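Peer 1: Sequence:
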Amino acid sequence: AQAILAQAQKFAHGYTRTHFAVMVAGINGHANGVANGSSGNIVIDMRSDTVTQPTAGMREAMAQAVVGDDVFGDDPTVQELEKRVAEMLGKEAGLFVSSGTQGNLLAVGTHCSGRGQEVIVGQDSHIFFYEQGGSSFLMGVAFNTVPNLPDGTINLDDVRKVIKPDDPHFAAAKLLVLENTQNKMGGKVLTPDYMKKAGALCKELGLALHIDGARLWNAIVALDLAPADLCREADTVNVCLSKGLGAPIGSVLVGPADFIKRARRLRKALGGGMRQVGILAAAGLYALDNNLKRLKDDHDNAKRLAKGFLDFGLDVTPVDTNMVFWHMDDAPKIVAMLWASGIRVLCIDGKTRCRAVPNMHTSAVDIDKVIEAVADALKSEGPTQKRARSDDEPLRPTLALAFVPGQCAPATTDPRR
12 AQAILAQAQK FAHGYTRTHF AVMVAGINGH ANGVANGSSG NIVIDMRSDT
62 VTQPTAGMRE AMAQAVVGDD VFGDDPTVQE LEKRVAEMLG KEAGLFVSSG
112 TQGNLLAVGT HCSGRGQEVI VGQDSHIFFY EQGGSSFLMG VAFNTVPNLP
162 DGTINLDDVR KVIKPDDPHF AAAKLLVLEN TQNKMGGKVL TPDYMKKAGA
212 LCKELGLALH IDGARLWNAI VALDLAPADL CREADTVNVC LSKGLGAPIG
262 SVLVGPADFI KRARRLRKAL GGGMRQVGIL AAAGLYALDN NLKRLKDDHD
312 NAKRLAKGFL DFGLDVTPVD TNMVFWHMDD APKIVAMLWA SGIRVLCIDG
362 KTRCRAVPNM HTSAVDIDKV IEAVADALKS EGPTQKRARS DDEPLRPTLA
412 LAFVPGQCAP ATTDPRR
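Residue numbers for the sequence shown follow the working numbering, beginning at 12 and rising by one.
Since the hints were derived computationally from the structure, they do not count as laboratory data. For clarity, every value in this text was computed on a predicted model and none was experimentally measured. Heads up, a few of these hints could be off.
As the list claims (entries may be wrong) - When the alpha-carbon atoms are kept at most 27 Å apart in a straight line, the in silico DSS-like pairs for lysine-lysine are as follows:
1) K390 to K380
2) K279 to K318
3) K304 to K314
4) K272 to K314
5) K304 to K390
6) K362 to K314
7) K207 to K344
8) K207 to K185
9) K185 to K214
10) K307 to K272
11) K208 to K318
12) K307 to K94
13) K380 to K94
14) K94 to K272
15) K362 to K380
16) K307 to K362
17) K279 to K307
18) K185 to K272
19) K172 to K214
20) K344 to K362
21) K307 to K318
22) K172 to K185
23) K307 to K344
24) K185 to K175
25) K314 to K214
26) K207 to K304
27) K304 to K94
28) K214 to K175
29) K214 to K272
30) K318 to K380
31) K304 to K272
32) K314 to K344
33) K344 to K318
34) K318 to K272
35) K279 to K185
36) K279 to K314
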């Protein structure tokens with residue numbers, strides 16, 4: 012105990028806050044979070060863009076944050092973040108929440124104030140597939156699903172067809188939810204033209220429009236648009252700060268001021284009221300200032316990875332943003348081999364479909380190492396034929412186990428994680 016105390020005292024007197032930030036970022040053998048953004052030679056982690064470590068600059072911003080009690084509404088850093096995101100997306104007000112799932116849940120619960128109302132979503136949307144049906148069992152709202160198309164959109168004629176008559180036998184549709192970028196279909200971008208058509212349909216049918224924008228920042232960068240230009244038709248938008256932007260936690264739900272006031276009240280009922288949370292909001296502000304434009308690097312690395320896989324005959328979904336999906340035979344075994352060599356990707360269906368997500372700690376050098384490692388693994392398994400997908404295969408459930416050497420418990424493959 013005395014030795015530990017002595018080391019702690021030496022640390023406290025001998026290191027600056029910046030030294031501490033860099034040291035913490037290197038815990039467990041990861042070089043993630045260091046200034047150059049490289050993952051080094053130890054671990055190349057592309058399970059998701061959520062695996063990143065806060066950089067030294069972000070940690071410094073968090074340490075210096077001015078805070079208050081956000082439940083009482085007096086945390087200035089939270090207020091700055093909420094105002095900033097709302098203005099960027101062209102909305103009146105914002106609400107800082109703990110996660111994208113919570114933001115979507117609040118959006119549905121605030122739009123649909125009566126039990127038995129209906130939300131129309133894509134059958135491969137995150138809000139339907141990966142969020143435990145929370146809108147149903149917590150908010151009493153029914154989902155009505157329509158197919159997602161390969162480009163991530165849903166056919167708007169399908170939306171029109173599932174609207175039920177105004178009759179007491181039927182749930183009343185109140186909300187359409189679109190996901191941009193669309194995760195399960197391959198990180199697909201929904202264009203401004205499509206969003207304009209969706210908005211016009213919602214007005215015609217009397218529906219509100221909510222965007223699940225967990226990776227909306229990626230769509231904005233890919234399209235080279237002002238953020239508000241992609242959200243103009245939406246009533247509400249939920250954006251994450253903890254994906255490609257690299258913050259450790261948090262999303263912001265934006266919309267009309269009266270809507271956000273009601274959502275704030277509902278957030279408290281769900282246990283989402285947080286106190287001196289400006290420490291986390293500061294990370295979000297830092298991310299917007301420093302990590303938004305660099306998302307293009309992730310997109311370039313994703314395309315580089317996809318090209319490498321295509322060059323040796325793998326079936327790869329065309330890349331729009333930072334997500335790479337591909338098929339290969341014996342995928343669970345090959346993914347396990349990659350994990351053993353320090354490369355972390357996912358087999359998301361337990362059979363053939365795999366995913367990698369370049370992120371702020373992934374360099375072009377890392378990408379080339381992954382391409383080489385996959386090529387070597389395929390060679391060790393013998394000749395692999397190019398495998399064609401059936402048209403409906405990407406739409407199948409993707410709850411699977413990732414078998415990780417040295418772990419007794421399987422890792423989940425929820426793409427939000």
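Peer 1: Can you give the numbers of the hints that this structure goes against, from lowest to highest?
Peer 2: 2, 4, 5, 7, 10, 11, 13, 16, 17, 23, 25, 31, 34 and 36
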